[in-house]
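Asker: Sequence:
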Amino acid sequence: MERSQHQEGARFVSQQSCWQNSFFSSEPYTTSIARPFEQRSCGEIPSKLTSLTFLSVFDVSWNHLIGMIPGGGQFLTFPSSTFEGNSRLCGLQLQIDCNPKKSGNVVPPSDHANQSNGTNFDWIFAVAGYGLGLMVGVVIEHVLLSRNRYYLEKFMNTINVREWSVDTATAIVGSNFTNFSVFKTVEAMKSHLFPHNLCLLFTLSLLLPLILPQLISFSTASSDSSTRSPLCLYNQSSALLQFKVSFTTDVSYTLTPFSKLWSWKANTDCCTSWDGVTCDDFGFVIGLNVSDSGIVGNINSSNTLFNLYHLQNINLAFNDFNSSSIPAAFSHLQRLTHLNLSAASFSGQIPLEITHLKHLVSLDLSFLHLEVNSPNSLLELISNFSSIKELHLDSMDLTMKPAEDWFRVIGLAELHNLQVLSMSNCHLSGQMGYYLVNHSSLSHLYLSKNNITHFPQEMFHLPSLQILDLYHNVNLTGSLPEFPQPSALQQLILTLTQFSGSIPHSIGNLKSLKIFYAKNCNFSGPIPYSFSNLSRLEELVLAQNAFIGPLPSLQSPSKTFRWLDLSFNRFTGPIPSSYANNRLLRALKLSNNFLTGTVPSSLFNLPFLETILLDENQLSGEMDDDEISPISSSPLYEINLNQNRLGGPIPPSLFKFPNLQLLNLRSNSFHGVLDPHVFVSNITSIDLSNNSMLSIDPIDIAINVSQLSNFYFSKCNLSKIPEFFKYQEKLKNLDLSNNHLEGKMPEWIWNVVENLDLSRNSLVEFEDPLLDHSLSSMNTLFLSNNNFEGSIPILPSSLTYVSLANNKFSGTIPTTICNTSCDYINLSGNDLSATIPPCLVNMSSLLVLDLSKNRLQGNIPDNFGDQCGMARIFFGGNQLEGPLPRSLANCSYMEVIDLGNNQISDIFPFWLEDLEELQALMLRSNRLHGTIGHHHRLNNSSFPKLHIVDLSSNKFTGHLPMEYFRTSKVMTMDTKDNTHQVINSSFNEYYKFSLMVPNKGQELDYVVDLISILNVLDLSSNQFEGEIPELVGEFKSLAALNFSHNNLIDEIPSSLGNLKHLQSLDLSNNDLTGEIPLELASLTFLSVFNVSLNHLVGRRPSGTQFDTFSRNSFQGNLGLCGSQLQIQCNPKKGDDAPTSGKPHSSSDIDWRFALAGCGSGVIIGVVIEHFILPKNMYYLAKILAIERFINETYRQRARRRRWRN
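When you line the sequence shown up against our numbering, it's residues 1 to 1205, in that order.
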């Protein structure tokens, strides 16, 4: 009868074969076995099936089975239909007696009975042993137990031997015996007819024949396992194959283009031929390592992985489980000791079921997107891991609480066996606390890339601590303690912390120290001599500190010492000769110190040295070529002696190291003429620049330096381009700038190099100026500051950067330049004429276009494209006219616009205010007109990054547009918060623009890098009127302010004193009145000040910067006084008293006018007395009498009021 396939369990199908006992012995948890009648099986039913205690469904009907049906276990519960159709089966279930004497039916011998003689031989021994056991039992009973019966009975009653014996015997009899007498004996035991000792002996006698075969079988299996590898059990390989097919594999992101799962194939042994699978001696999978196997897909608790109950070690790291939650079914694997899920794209909360893994020794949950809501959640997770030794929580987001709270949890969890704790990049902040200082078993502590601010010194003294990693805790302060002896510390990593102070002499007690990294800290002082005691030291990195004194001598070097980096300190003195004794040294980095003396030639002969960096020191002398002996196996890769004082000829041996790739000897005093043959090597980059007396033989010799890619020979003594360069097939970068090259630029050079710099020489023409170079593969061309004449040649279409600036090119700009892929074009400082080609401003790739200082005419093309990517345009110093192009507003990435010194006629370009990246707008010396006011503003966030505005020398009218530019966040924020982003150029030439320095009347060229720090507002030489508004004090980041040559009136606002970063202030040539505000004296950075030709009065402020300004800064203000003006202020008021008041109302009296007025009054008084008063005395007396009467009347009325009151 065929059962439904939806029943619990799985059908086992045999292809017309006999029973395979090995299958059933490997399936202890099988719940269903069915053999459909279409598949015929033969032989006996194996007795081992009785061990399947979970078996609930069993069907072997309609086969060719023979022999007795096994008894006991689940088999007593199966109905007779389970076995029907097998005519030669017998047993209780079929009501067929297997005894041939009673039934007369002789059961034929089975094939299974004849499998091997070894099994029958085992039963002979079993029966013999059984008989021997009976004899021993009788002796024990008679000799020992009968003499101590009282104590034995008492003991058996205590442990209830009778009950255990009866239950055990009942189970055994029901499973294995059909003899009626045995059943009756068990019934007698139940009825207390037998004493305890007989019950026990009887039960043992029943157990012995059952246990002995199993022991013999186990012994045989154990002996076999020592001579052969375990065979994978079917249910184990099946579970793994189902695990495999539940995912896809993508090795594009793995370290190696290989997946361990590719070796998992059906019909192969999973224990011996599958990568990442480990089995025990019985064929159970106990280890699974599929890390970095490109696994992609979701995983949940129903995955067959969790059916491998014997697993002890699981590593799923560096796969992609699609942000699945960690399955709670991991808790089913109770034997698990190591679980690694790092970087496996798990997310969500950590299931608490994992805490049931009592035997867990190592747990790695690093680099996952897991949620740990509070320290209590972490405590609940780890508190049950009493056996844990390694806990990795790297990159877990622990920002919600201070670091101290998390370390308190780890302390409360009482992880007494914890040896490794890794919490790097967990966003821990604040103090660490003292919760780990008693973890004496802790050996590895990783806390890098956090924001911990305090680390207990007691942690350095943990007795088992071997590795301490505090890398990149940039706010972590502290100092090194005294180190006791002995210490287990092997690695100490403090790089990128704020550890300071000196290194204690007791560091010599760290006898086991192998690695010490303290780069970019605040250590200072000398290196203690005790460093020579560190006999096991392998790597010492103390770069970027403030160490002083001589270099550590390392007199007793470690036999394994291989890395020394002491660069960027203040070490002085020579390089110790003992460094050459470190035969295993791989890197020697002593850059940026104050080292003197010579370069020990013996360093270059170290057999394993790969890098030697001695640049930016004060090393001098000549290098002896005879003492440098490159060996064929030398791994030396880089030599850098840049910026020293080395002289003499360059040793040819430096070029002969077989693996040398980088040689940098620039900025020294090497001299001589180099033979091109010295360059024949495997070297890829040579930099000999800035050796002013060094040259190369220009001989035309066919030498190919096979790997040469970069050659830098700037600022040397080269007069002709060496011909050997034309034979270099891999040459990409050639820099011969700042030499004395003359004559023609050779034709071959267009097809040899990709990036060419011949700027700042004296070249005058091209070898063939009419030749089309559009097919050349050149990428960068710098020919600026030469003497090239004539037309611009046809340039390579592959060009990205081109600079022909400051030559004598003439004619028109060729439209062929629009066919290039240039990001940067600089044609400034030539004699180009005609108009700007419209295609030039419409180039989609162009970022920077500099056409300044030519003779270009006409209108600026108004076809800047909708996808305009330009960032900087420099059209100043030409003869351009017409309106400003409205299409400039399409260039949303625009940072700098320089159209100054032209003849452009238009209004202020308020349509550009939506350019959010615009930083500099220079429109000086044009014909711009009209007002600039807030009524022009299109929105309230116009020009948000604008901080350089030059509108000088135009015809703007109205009031100062301070309200309009107030929306610039950059000009109104404090400089300390003011940062600007500038283009990160990949070439060496700077973009330049001009600004007029107030008062001094000269132009200075500021390189583009200064855009990030300059904040300038220049509205000079216009027709602005009215007062200077008080809100000018809100432009706090201004460095230069120029309102000169306008029609401004009223007083200078005191709010200008708020511009604490102001360096230049020009208010000259206006109609300003009043005093100079005392607040300006607080501007400590002010170096240029001009208020000349106004109507200012009073005392000039004294002190600070004002005492340094010349008389010219104040001239033309008749009311001003002070020492610089050589006009003494009123002495009665004191020299220190400031002047005050408005013009014509000063408190100081001009006595010249007073005396003149007094003389005039005397003359007029005499005339009145002589001619008028005598003739009219009567009337005068009458007037005076009336006045007396009126006054007396008022006095009397006043007295009466007082009396009434």
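Because the hints were derived from the structure by calculation, they are not lab data.
Computed from a prediction, not measured in an experiment: that's the story for all the values here.
Fair warning: there could be bad hints in the mix.
As the list claims (entries may be wrong) - With a straight-line Cα cutoff of 25 Å, these simulated DSS-like cross-link-like pairs (lysine-lysine) come out: (1) Lys401 / Lys358; (2) Lys808 / Lys730; (3) Lys726 / Lys744; (4) Lys720 / Lys730; (5) Lys1060 / Lys1036; (6) Lys744 / Lys732; (7) Lys656 / Lys726; (8) Lys715 / Lys726; (9) Lys1060 / Lys969; (10) Lys720 / Lys744; (11) Lys715 / Lys732; (12) Lys744 / Lys656.
Asker: None of the hints should be skipped; say for each whether it holds.
Answerer: Each hint, compared with the structure:
For the suggested pair lysine 401 and lysine 358, the alpha carbons sit about 28 Å apart, so the restraint of at most 25 Å is broken. Taken as a hint, the lysine 808 and lysine 730 pair is broken in the structure, with Cα atoms around 33 Å apart against an allowance of 25 Å. Only pairs whose Cα atoms come within 25 Å are accepted, and lysine 726 paired with lysine 744 is accepted, the gap being roughly 15 Å. Our distance criterion of 25 Å between C-alpha atoms is met by lysine 720 and lysine 730, whose separation comes to about 21 Å.
Only pairs whose Cα atoms come within 25 Å are accepted, and lysine 1060 paired with lysine 1036 is accepted, the gap being roughly 7 Å. About 21 Å separates the Cα atoms of lysine 744 and lysine 732, which keeps this hinted pair within 25 Å; it holds. The suggested pairing of lysine 656 with lysine 726 holds, with an alpha-carbon distance near 22 Å, which does not exceed 25 Å. Only pairs whose Cα atoms come within 25 Å are accepted, and lysine 715 paired with lysine 726 is accepted, the gap being roughly 21 Å.
Pair hint lysine 1060 plus lysine 969 holds up; C-alpha atoms about 17 Å apart against a cutoff of 25 Å. With a C-alpha separation of about 10 Å, the suggested pairing of lysine 720 with lysine 744 holds against the 25 Å cut-off. Note on lysine 715 and lysine 732: the hinted pairing holds, with a Cα-Cα distance of about 20 Å set against a maximum of 25 Å. A hinted pair counts as satisfied when its Cα atoms are at most 25 Å apart, and lysine 744 with lysine 656 does not qualify at roughly 34 Å.
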